[in-house]
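Undergrad: One-letter residues, chain by chain:
Protein chains: 2
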Amino acid sequence: MRQSALFTKIRREAPKDEAAKNAQLLIRAGFIHKEMAGVYSFLPLGWRVLNKINEIIRRAMNALGAIELHLTGLQNPTPWQASGRWSDQEADFWFKTKLKNKSIVGLAATHEEPLVSLLRDHLHSYRDLPFCVYQIQTKFRNETRAKSGLLRCREFLMKDLYSFHHSQEEFELFYDKVRSAYEDIFKTVGLGGRTHLTFAGGGTFSRYSYEFQTVCEAGEDTIYLSENKGVAVNAEIINDEVLRQFGLEKEELVPHRAIEVGNLFNLGQRFSEALDLTYLDEKGNKQPVWMGSYGLGPSRLLGTIVEVFADDKGLVWPRSLAPFLVHLLALRAQNPEVKKFAEKLYEQLERVELEVLFDDRDLTAGEQFAESDLIGLPYRVVVSEKALTSGKFEIVSRIDGSIESLSLDEVVKFLKTKHV
Amino acid sequence: MRQSALFTKIRREAPKDEAAKNAQLLIRAGFIHKEMAGVYSFLPLGWRVLNKINEIIRRAMNALGAIELHLTGLQNPTPWQASGRWSDQEADFWFKTKLKNKSIVGLAATHEEPLVSLLRDHLHSYRDLPFCVYQIQTKFRNETRAKSGLLRCREFLMKDLYSFHHSQEEFELFYDKVRSAYEDIFKTVGLGGRTHLTFAGGGTFSRYSYEFQTVCEAGEDTIYLSENKGVAVNAEIINDEVLRQFGLEKEELVPHRAIEVGNLFNLGQRFSEALDLTYLDEKGNKQPVWMGSYGLGPSRLLGTIVEVFADDKGLVWPRSLAPFLVHLLALRAQNPEVKKFAEKLYEQLERVELEVLFDDRDLTAGEQFAESDLIGLPYRVVVSEKALTSGKFEIVSRIDGSIESLSLDEVVKFLKTKHV
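If you're matching them up, the sequences are chains A and B in order.
Residue 420, in the working numbering, is where the first sequence stops; the numbers in between run on with no holes.
Residue 1420, in the working numbering, is where the second sequence stops; the numbers in between run on with no holes.
Calculated from the structure, these hints are not laboratory results.
Treat the numbers as computed from the prediction; the structure is a model and nothing was measured.
Glycine is no exception: its CB is placed at the ideal position from the N, C-alpha and C atoms.
Treat the hints loosely; a few may be bogus.
Label pairs and their calculated CB-CB ranges [to be verified]:
| id | chain 1 | residue 1 | chain 2 | residue 2 | range |
| --- | --- | --- | --- | --- | --- |
| 1 | B | Ala1235 | A | Pro15 | 55 to 61 Å |
| 2 | B | Glu1367 | A | Asn62 | 26 to 32 Å |
| 3 | A | Asp88 | B | Arg1179 | 46 to 52 Å |
| 4 | A | Asp176 | B | Glu1183 | 30 to 36 Å |
| 5 | A | Asn101 | B | Ala1235 | 41 to 47 Å |
| 6 | B | Arg1361 | A | Ser402 | 52 to 58 Å |
| 7 | A | Asn62 | B | Lys1313 | 28 to 34 Å |
| 8 | A | Pro15 | B | Ser1180 | 39 to 45 Å |
With a cut-off of at most 27 Å between alpha-carbon atoms, the simulated DSSO-like pairs for lysine-lysine come out as follows [said to hold, decoys possible]:
| id | chain 1 | residue 1 | chain 2 | residue 2 |
| --- | --- | --- | --- | --- |
| 9 | A | Lys100 | B | Lys1102 |
| 10 | B | Lys1340 | B | Lys1418 |
| 11 | A | Lys98 | B | Lys1100 |
| 12 | A | Lys187 | A | Lys177 |
Here are a few chain A residues that sit away from chain B, every Cβ distance over 10 Å (derived from the structure) [claimed, not checked]:
| id | residue |
| --- | --- |
| 13 | Arg12 |
| 14 | Val105 |
| 15 | Ser405 |
All chains, full assembly: derive it from the sequences and hints.
TA: Structure below.
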């Protein structure tokens, strides 16, 4: 894409009403726009990153055999009343609104109730189980404070997966598969090493729940981590019993600030009993369905990536998520030879299906470099008078600063090997 | 996909609380679920169709040079107050809700105001124009009555494109390109012949507005159509002046019920003046931006397709939108030879990347055929004892009922030519 065709502009100054590093940088670089605290629009560069995250998640969900669907934002109160999560005393997350006839409806912060409710039309026999469904859908959550940019929003994108089983044993086998799919996702987006499966028992729903927590100073949570034993526990639930359960000594645990990037809940029969989702077993007896739910927020993950990888020059994108792989700069584009050559290289890179952001604007070299650092694409290639004379082009890695000086053919070959 | 792995079940009876044919059939066939009047969840089959529509639209928008972004559902009142569309007296479409601190926010029914508002951070010079952006995003609209299934919803998917220009002349050139892109979209989804560019001047925003109207009995609108002259006018605005303007005689106009499937608005400077979106021209003078907006609702389009093509046996999908191209039926799947053969054929079709729904369930032939008719995939292939004996397999077209009797190799070849 030509940068001259991208309507977003870079800002030099951080927005004054934004404390979080992730939102500051993403706003400055034109990836997002703040509509109000905890509510952000995704501008073209941000939307590209978010879609790459969604596709990574989607592939992982499809590989689990999960089928995609799409539930609604507006929520009928009935199933929520049945489960005991409708009133503001029972659940603190609601935005509520009124139809023209004055009846009150909610905006979904999660979807256990409507999903279980609609499945009563479809699930009858033991032959219909197990199965799992997921969606990547906008959620609304009436947060009292929303100060962490994309890490805690009032409106955000969520991947929510739900699984339905004959029994707890069957659920547990599937739970392990989801855990492993989540580990792959965090590895793919570059957070593998610092993301830990964390015991968070006593979660919203059941005695057993786990989270994936990414170690990061910007996190709102604290986890206790034993690197040796590969065990992490959320600070909120740690006590002597938990230590005993995991065979841990207090001394070996190191506290870390962390961001909850995913969660896995054993819902048991809580919702199937409240909403009467049953199946007939082989003997013709009614049985409540055993359920699991598994959350992973693409927009929070995007914010986490920024918090973890950005440096003092700006954003730094892993190759798997970068809005473009290459930032091609025509330095002093008013020089017709530079311009012509850069245009040719741009076409050549597009032809081999590399994702290129082509800075064809007539700015100073200083501005071009500073903006390029802020946007943070993995590789920068510069076409300049000097490069044309020497026949050597510099490819600079935004991730580690390494520089390759290559001939034109080698530039194309090198970048092709970096394509994700 | 194996039908045994699809959790949705077919219903024999139409839901009692649903008057619209599109919603009745889509619910019976397991494509959607009604959460409340005008609010529908998309189940896997429906979600597949909706995504195909989205991709057709997305390709057309990208070809126009439009860049995708994603604005928010929750709306800050400030820009809407500035444009005069915040109070319920001024605009009848609002759902409103409250943050925890009691301040009121809205749910977006459209996005002119927030988009114009955010562009003030990015648009400065005549060099920044023209450009256009679009999104495919959920809208909320507080309809008093919602009785037409997917044709008029309280929550629905909308593609909204917005263009920004130096002048009216420049806008008009772009407007023609969008009109032509819309014509291509309606042709691709099979509605070309019955969809008419319809004058609807005096629309919400400006003296000139056009709609695309699809002739269909289920439509809420009436249009007057002169087939000869290729001119259509919305009944709401027809009068002597309009007749004169288009050189029409009353006698040549035939009234038709129709569904508004798209619209094109000349917004002029209404929003840029109200919200102070200006650019500096070449002489350094401030100028308000000239705008257009262009709507097309994927979920309404889906409902329209059903209304237009469905027959008394059920849904009928054009190839460009069908959730799967082929319905492969293993007739009497309890026969191990039939089962084995059907499995092999299923694998073979998947290998050549055809989209196949494989009915591997153990139902009666009557049930399988009736369900297959209801779901309405373009081609049905039956593996039965008879077919195995004769070596001839019937491919039945759901669209025109034509039957081809082919050998196994020919079946695969035939279907490959039908792949969209």
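Undergrad: Against this structure, judge whether each hint is valid.
TA: Against the structure, the hints:
1. Against the hinted window of 55 to 61 Å, the Cβ-Cβ separation of Ala1235(B) and Pro15(A) comes to about 49 Å, which falls outside the hint.
2. Remark: the range hint 26 to 32 Å for Glu1367(B) to Asn62(A) is upheld by a beta-carbon distance near 29 Å.
3. At roughly 48 Å, the beta carbons of Asp88(A) and Arg1179(B) sit within the given window of 46 to 52 Å.
4. Distance hint check for Asp176(A) and Glu1183(B): the Cβ-Cβ separation is about 52 Å, which falls outside the suggested range of 30 to 36 Å.
5. The hinted window of 41 to 47 Å between Asn101(A) and Ala1235(B) is violated, with their beta carbons roughly 28 Å apart.
6. Distance hint check: the CB atoms of Arg1361(B) and Ser402(A) are about 57 Å apart, consistent with the given range 52 to 58 Å.
7. Distance hint for Asn62(A) and Lys1313(B): a CB-CB separation of about 31 Å, consistent with the stated range 28 to 34 Å.
8. Distance hint check: the CB atoms of Pro15(A) and Ser1180(B) are about 40 Å apart, consistent with the given range 39 to 45 Å.
9. At most 27 Å may separate the alpha-carbon atoms for a hinted pair to count; Lys100(A) and Lys1102(B) meet this at roughly 21 Å.
10. A threshold of 27 Å between alpha carbons decides the hint, and for Lys1340(B) with Lys1418(B) the separation of about 25 Å falls inside it, so the pair holds.
11. Under the criterion of a C-alpha separation no larger than 27 Å, the hint pairing Lys98(A) with Lys1100(B) is consistent with the structure, at around 17 Å.
12. Of the supplied pair hints, the one linking Lys187(A) and Lys177(A) holds, its CA atoms being roughly 15 Å apart against a limit of 27 Å.
13. Non-interface status of Arg12(A) relative to chain B is upheld: no Cβ of that chain comes within 10 Å, the nearest being about 12 Å off.
14. Non-interface status of Val105(A) relative to chain B is broken: a Cβ of that chain comes within 10 Å, the nearest being about 7 Å off.
15. The non-interface label for Ser405(A) is consistent with chain B: the shortest C-beta to C-beta separation is roughly 34 Å, beyond 10 Å.
Violated hints for the displayed structure, listed by number in ascending order: 1, 4, 5, 14.
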